[in-house]
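Turn these sequences into a full structure, and let the hints steer you where they fit.
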Amino acid sequence: MQKIFSNYADLENALNLRLSDPSVRIIGIEGFMLSGKTCFAPRLQAGLKIDLLRTDRYAARIDGDAPYSKLINLSQLSKHLEWFIAEESRVMIEGICLREILRSVGKQPDITVYVRRLGSAGWHDGFTFEDFEGGIYLPHCALERSDLEYHKKIR
Numbered sequence: 017m018q019k020i021f022s023n024y025a026d027l028e029n030a031l032n033l034r035l036s037d038p039s040v041r042i043i044g045i046e047g048f049m050l051s052g053k054t055c056f057a058p059r060l061q062a063g064l065k066i067d068l069l070r071t072d073r074y075a076a077r078i079d080g081d082a083p084y085s086k087l088i089n090l091s092q093l094s095k096h097l098e099w100f101i102a103e104e105s106r107v108m109i110e111g112i113c114l115r116e117i118l119r120s121v122g123k124q125p126d127i128t129v130y131v132r133r134l135g136s137a138g139w140h141d142g143f144t145f146e147d148f149e150g151g152i153y154l155p156h157c158a159l160e161r162s163d164l165e166y167h168k169k170i171r
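The opening position of the sequence shown corresponds to residue 17 in my numbering, with each subsequent residue numbered one higher.
One thing to keep in mind: the hints can contain errors.
Here are the simulated lysine to any residue pairs, SDA-like style, with alpha carbons at most 25 Å apart [as the list claims (entries may be wrong)]:
no., residue 1, residue 2
1, 65, 96
2, 123, 31
3, 65, 23
4, 65, 55
5, 65, 107
6, 86, 99
7, 86, 98
8, 123, 82
Cβ pair distances, simulated, as ranges [unchecked claim]:
no., residue 1, residue 2, range
9, 23, 95, 30 to 40 Å
10, 102, 21, 13 to 23 Å
11, 23, 91, 37 to 47 Å
12, 103, 22, 13 to 23 Å
13, 65, 99, 13 to 23 Å
14, 22, 127, 12 to 22 Å
The set of hints was computed from the structure by calculation and includes no laboratory data.
Everything numeric in this text was worked out from a predicted model, so none of it was measured.
Here a beta-carbon is modelled for each residue, glycine too, at the ideal position from N, C-alpha and C.
See below:
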């Protein structure tokens, strides 16, 4: 069930209610590059009092020609996720193309928060995701077309 939240407090309250279910173990924070996930996740982590993993930590490099999901050290990520599961802990994981990455290690989030945009500024020198959805692609921007296609499909 998709729900749109317009403020942080309502989202945190809704997530705290969902966390009363002991089967909820993995919370995914996903969104387009520079949508604000990296700033948002620690605030949410503190409010929910759970651990946080960031997919960027497992990336071989952040820029380059390969799709982001192909840059991730899946064995390291899987090892860390398995540790949290073995400890019966909850974990929040943040990153772009997150559901694709988690599928690659045989996991899926129990809850996914998709961060559309936290501010009014555009991404990448004025290029916005809405531009891409409208058929505009700027090959000089730092975004891989496959990453854009992923977010177009899932958001």
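Right, here's what the structure says about each hint:
1. 65 <-> 96: holds, 18 Å
2. 123 <-> 31: Holds. Residue 123 to residue 31 sits at ~20 Å (cutoff 25 Å).
3. 65 <-> 23: At roughly 19 Å apart (the allowed maximum being 25 Å), residue 23 and residue 65 satisfy the hint.
4. 65 <-> 55: holds, 16 Å
5. 65 <-> 107: holds, 10 Å
6. 86 <-> 99: Given that 25 Å is the threshold and the Cα spacing comes to 23 Å, the pair holds.
7. 86 <-> 98: Measuring from Cα to Cα gives roughly 20 Å; hence the hint holds.
8. 123 <-> 82: Measuring from Cα to Cα gives roughly 22 Å; hence the hint holds.
9. 23 <-> 95: 30 to 40 Å: holds, 36 Å
10. 102 <-> 21: 13 to 23 Å: Since residue 102 and residue 21 have Cβ atoms about 32 Å apart, the given range 13 to 23 Å is violated.
11. 23 <-> 91: 37 to 47 Å: At 39 Å between Cβs, range holds.
12. 103 <-> 22: 13 to 23 Å: violated, 35 Å
13. 65 <-> 99: 13 to 23 Å: holds, 18 Å
14. 22 <-> 127: 12 to 22 Å: Given a distance of about 18 Å, which is inside 12 to 22 Å, the answer is holds.
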